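Asker: In case you want the letters, here they are:
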Amino acid sequence: MTATEGDTENPRVAASDRTGVRSPDILATDGLTKKFGGITAINNVDFSVEEGELRCLIGPNGAGKSTLFKLLTGQHTPTSGHVYYDGEDITDLEPHERIDRGMSMKFQAPSVFESLSVRENMRTAAQRVIDGNLDPYVDEKLNEFELADSADMTASDLSHGQTQILEIAMALSLDPKMLLLDEPVAGMSVEESEEVAEMLNELHEETDKTFIVIEHDIDFVDMISDQVTVLSQGEIFRQGTIEEIRNDAEVREIYLGGE
Amino acid sequence: MKGMDRRDFVKATGVAGAAGLAGCIGGDDVGDDGPTVGIIEDRSGNFGLVGTPKWASTRLAIEEINEDGGILGEEIDIFDPDPQSDNTRYQELVEQAIQEYDVDALWAGYSSATREAIRPIINRNDQLYFYTTQYEGGVCDQSIFAVGATARQQLGVVIPYMIDEYGPDAYTIYADYNFGQLSEEWTRIILDENGGNLLGEEAIPLEETDFGSTINRIQEEDPDFIVSMLVGAEHEAFYDQRLSAGITDIPIATSTNMAQGYGHRRLEAPSMENVHCGVNYVEEVDTPASNEYVDAMYDRFDDLEYVNQEGQNNYFSVYMWKEAVEEAGTFDEDAVKEVLQEGMEVDAPEGTIELNGATHHMTHNMRIMRADENHEIDFPGEPEIIEPTFLEEDIGCNLPENPEERQYEPFGPDSPYEDPFPDV
Amino acid sequence: MDMTEVPAFVDIFSLVNLLLQFLDSFAFLVLAAVGLVVIFGMMGIINLAHGEFILVGAYSTTLAAVAGAPFVVAVVIGTLTTAVFGILLERSILKRFYDRPLDSMVATWAISLMMIQGTRIYFGNSITQASTPFGSINYGPYSYSAYRVALAGVSVAVLIGIYLVFTRTEFGLKARATIQDADTARAMGVNTERIYILTFGFGSALAGLTGALYAPTLSMSPEVGQNFLVEAFVAVVVGGSSVVMGTSLAGILLGAINAFFSNVYSTFWGRIALLAAAILAIRLMPYGITGVIENIRDRRRAGMSLRESLKIPAVTVLLGGGSND
Amino acid sequence: MTEAVEKLRSAFSALNGPNTYGNGRAFWTAFAVGLVAVFAYPMFVGSYSAGQATLYLLYGFLGLSLCFIWGYCGVLSFGQVAFFGVAGYAFGVVTLNFGAEATVPAALAGVVIATVVAAALGYFMFYGGVRDVYVAIVTLAFTLVMYTFMAQTAGREWAIGDARLGGFNGMPGIPNITLGGTSFSGATFYYLVAVLLLVTYLGLRVLVNSRYGRVMVAVREDEDRAEMLGYNVKLVKFVVFTFGGTLAGFSGVLYASWGNFIDPSVFALSFAALPIVWVSVGGRESLIGAVAATFGVQRLDQELAATGSEWALVIIGALLLFVIMFMPKGAVPYLDRYAKAGLGWLREKRGAGSDREVKAVDSD
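Chains as they are written, first to last, in the working numbering: chain A, 1 to 259; chain B, 1001 to 1424; chain C, 2001 to 2325; chain D, 3001 to 3364.
Everything labelled a hint here was simulated from the structure, so no lab data went into it.
You may find that some hints are simply not true.
Claimed, not checked - Straight-line C-alpha distance at most 20 Å; calculated DMTMM-like pairs for lysine to aspartate or glutamate:
hint, chain 1, residue 1, chain 2, residue 2
1, A, 177, A, 53
2, A, 141, A, 198
3, D, 3329, A, 157
4, C, 2174, C, 2193
5, A, 141, A, 192
6, D, 3329, A, 114
7, D, 3340, A, 152
8, D, 3329, C, 2103
9, C, 2095, C, 2193
10, D, 3329, C, 2099
11, A, 141, A, 206
12, A, 141, A, 175
13, A, 177, A, 206
14, A, 177, A, 88
15, A, 177, A, 100
Source: prediction; values computed, not measured.
Please construct the entire structure, taking both the sequences and the accompanying hints into account.
Answerer: Right under this line is the structure:
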């Protein structure tokens, strides 16, 4: 806990301070806790991300990273605690209401509409933001993500890497303010990972979008971010730059011990 | 009616030349070469058990007639699909029998629900129709000959006997639907007419198989006898529970159990001990006519399990129809109906009985069928001819004069009866 | 029922009536449901041929008993026959449907259709029924079928048996692992195919046992299994997917409701109350009693006091609404 | 003039899309031929057979209702017949009270009540968090509850106005649908139902190929993904389920008017399973498959029953098992695949037409 205390503004203040200067935190949690049966997956987490930041979330298996994401997107209801987004308490909002406010998410396991064509997948996302004819926008996005050639393929026939890219493309088609990526390069080749890293960095620099990325691969984290939060056993263990985290003996230990 | 449909059809298509096409509407004439009867009786589904003997009896009668040279020199064709105890299927098949096979007479349906489901079709087509199941009574319908015993006939023989034999106090349990409810009303009337007394009653849902609290309630009232109008395989569980609760010493009067579903053959003894059913016929009736009929049935159908009351009703009503056709000299349904409405005496396996032309109901040779601890059947007392008095005397149903299509109820607005036990 | 005129001692007997009726209803609900719940809870298959598995148990028991086997032997024969039958069906047909739970409903319905009619073709419209063992329990002016009360004891034993099988045996542990995550279980060396066969066989055996136990009390027609379906599905809806806890609590709750209304009012109201309870349960407890219990347990473990942890589920139960997870 | 053509073209294109089987010229040609056959049918078989066929056509709405919610939105309802039955009873109650002149408001009342019941049940389930196979169980339980309840409404106290619910005996004497003095029965009723079914089918095609259809399919394919794209999954399922109730209700009204009768067997398990059978056999992602299979299965069933063979039910069961085992997606997708292969082969053989055209003929 101590690691986060210094740099986290009290989200309650942020929430109540609607009329004042907007808090730099686009996202904050306050005492967030989630238990499944006897297991505490997330324990009293105060986590915050500033607008425009690219934050990496790392930790050993079972640290609660994906659970934290699901609490942020509303797929799980917290046992206790609150989630604030853009100064608003969104703890009780439905997932789709959170997406409406500018969140978007890529799942850990590649999750696209498998029996539909790539184009239909993109259309399904695009029609959230485009009225009228979808095709120009969809074509643009397909080109942007180099999926145009496989537009008429059934999504289940895509390679693993392409499926990941399709999902990222769909998530980005919503033009979100904040994008949550759960292991975006899992199972990708080194080249594909580098492409994704490049794309993320570009987006990060060119737009004011916020990114939170769960990642296992520390080399990939190195490519995209310098702010890293380490989660262990459902709690925030460390927070700092990639250098600090790399050199932290205790972090090494939990990683070695955890895996 | 067919002409009407054709007019509808012309109107609907709006095809100018449709009148010419009408000649092509050939569906109606299929199988119209000779006389045909429809036998639409359940051989599968819930009523397969009780419907199979009905189907078999009708077939047997027609086959015997054909072997004997047919009617008016013509062989009778049979249309006998299996309606599978499904009322929608009944509706389809009855339409098919009437329209496609143009049947000259129809035997169809076990339950009164089925009868009600097909009655609009029967009426619309003025189809000559024999409904042969024992039933609650009161159907005054110009197209229907309801030749089975009515509740008044069945209960009218068994309840007075019970009162004489065991005492006046009765407790009634009955299937919670139309048949059971109306039979229960008859029970009240007949108890009252014979000096009996109603201690209590309970309606049992059709699907119920648990009679624990019912038995407790009966024990609480401690009646001299129980009147049971339980129906179907589910309700048969009552008899086993009655046995295992040890109350077989309370005798039972019934209009349903044993005579149709032959529980005394299917349940292990002595669960039907002391059960008395008012019947017009069952295969145990030991007369030459009955034995001849039963032998013929088992000769013809090897795997037949029982010849029940309804089977006999189908059997004699086929012969009754034959006689009417011969007297009319034609298969024309109106002419045959006219003959039938003059009344007719029939020699049935149950004995000599009479058709009442005015109400389309029969007198019946009513007996009391009693099972002992080994489920052996005897018939205490003499068979008693009981007339179907309700429609003719109480309601004034006279179909030749006033061709109605109604069902009257014992406590309905047109009936003279009032509930003698309003507090129970 | 007019209670004012009866002597006071009858009230005590009435309570006994109520208790026995409750035991009777409880046993019927639990036994009707167990086979269905095991196959559904463990394998995700809604077996619409559940009634016909009961039919197999009932017929084989009856045939054995009528042929002269002692009743207990006949029950064992009925149970085993159904287990073998279930395994054969699983091997030949149902194994194709494990990843298609919805299609398995169509398949099992088709099987049910064929089995009912096949039974009719082979055995006719009915077979001779065996009679109920034991006599009656007599108290005051009343009596009750001892056998039906004994079934309550059997049903409790069955529940305990299921609990032990799934918690204390190697098969049970492997089965639960397979149900949680078949891939991982396989990776850990569990022969998942075998587990599916055995689980299905176990569920079939339970359905067969139900048929065997109720065989002497019901009319032996090809539709005999249909008698259990309403109670079985109602118990699943109210109990939820947990085999032992959900089914036993559903049995207690629904049995009590049914017994009270049957006994104090009439069989009709007993049945209506049972069904009304089912409808209410759909609204109030979408995942059945199992869901509510898990919710309370989660809250307890989250460190709330018992009072506090009951508060929110009570609100959920009354006002509806559930969580997403 | 060209504007009108353009309008027609765009209306036609709204009928086609990736969510329906059969979008090309070949399909629509076959469809037109089929349509002519359907409309010519009564001229060849007579009014009686047309009356029989009407039953299968009106069941088509019931089949479509399940195809719509299960095939397109992934919600398996075992309770479509409950809405069917409720609407049929409501139609009966209103017409028995107000006579044949009131059939149109009665039909409306039936459909509205079915919709409201579906909405209530849907709300209970989807906002209570009931998902997947539990929906099937809950809807089945609801249907069985309706069956038990309606079977015991025989007493005089169970009456609404002049209409007695009639318990197990059901409610006879329900009048035919009457419009402007025309009482629809036999062939006229056949045409009425056929036209309504055609309109409904085309309307549903437009709907499933529209943006909303895309959302439904997204929910069917992956609820979590759809939710994370910002779709209100619960609302979508609720709306689709409710509309499914409307369609089923409409079917029920036509049924009550067809047989002039309704009884509790419409809530029985054996009837509840039928829509699932039709849709599974036809192909649950195919609207035309649902209609065709409804007609085909019921027709076959009836033919087999009419033979009186004791094997009828065994044959029906075996057939179902065969289809569900060997054509898991149903007959239409199966046929579609072969038709596509056949057409491709033909075109290759003639050396004419590009791949693109083949695609246009048979959708993706």
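Asker: All hints are to be evaluated individually against the structure, with a verdict given for each.
Answerer: Evaluated hints:
For the given pair, residue 177 of chain A sits about 11 Å from residue 53 of chain A by alpha-carbon distance, which is consistent with the 20 Å threshold. Of the supplied pair hints, the one linking residue 141 of chain A and residue 198 of chain A holds, its CA atoms being roughly 17 Å apart against a limit of 20 Å. Distance hint between residue 3329 of chain D and residue 157 of chain A is fulfilled; the C-alpha atoms sit about 19 Å from each other, no more than 20 Å. About 11 Å separates the Cα atoms of residue 2174 of chain C and residue 2193 of chain C, which keeps this hinted pair within 20 Å; it holds.
Straight-line distance between C-alpha atoms of residue 141 of chain A and residue 192 of chain A comes to about 18 Å, which keeps the hinted pair within the 20 Å bound. For the proposed pair residue 3329 of chain D and residue 114 of chain A, the alpha carbon gap of about 16 Å is at most 20 Å, so the pair holds. With a C-alpha separation of about 16 Å, the suggested pair residue 3340 of chain D and residue 152 of chain A falls inside the 20 Å cut-off, and the hint holds. With a CA separation close to 9 Å, the supplied pair residue 3329 of chain D and residue 2103 of chain C stays within the 20 Å bound.
Pair hint residue 2095 of chain C plus residue 2193 of chain C holds up; C-alpha atoms about 9 Å apart against a cutoff of 20 Å. A C-alpha spacing of about 13 Å is found between residue 3329 of chain D and residue 2099 of chain C, which places the hinted pair at or below 20 Å, so the restraint holds. Taking the CA atoms of residue 141 of chain A and residue 206 of chain A, the gap is near 17 Å; set against the 20 Å cutoff, the hint holds. Restraint check: the Cα-Cα separation between residue 141 of chain A and residue 175 of chain A comes to about 11 Å, which is no more than 20 Å; the hinted pair holds.
For the given pair, residue 177 of chain A sits about 13 Å from residue 206 of chain A by alpha-carbon distance, which is consistent with the 20 Å threshold. A threshold of 20 Å between alpha carbons decides the hint, and for residue 177 of chain A with residue 88 of chain A the separation of about 15 Å falls inside it, so the pair holds. In summary, the hint linking residue 177 of chain A to residue 100 of chain A is supported, as the alpha carbons are separated by about 10 Å, within the 20 Å threshold.
Checked against the numbered hints given earlier, this structure breaks none of them.
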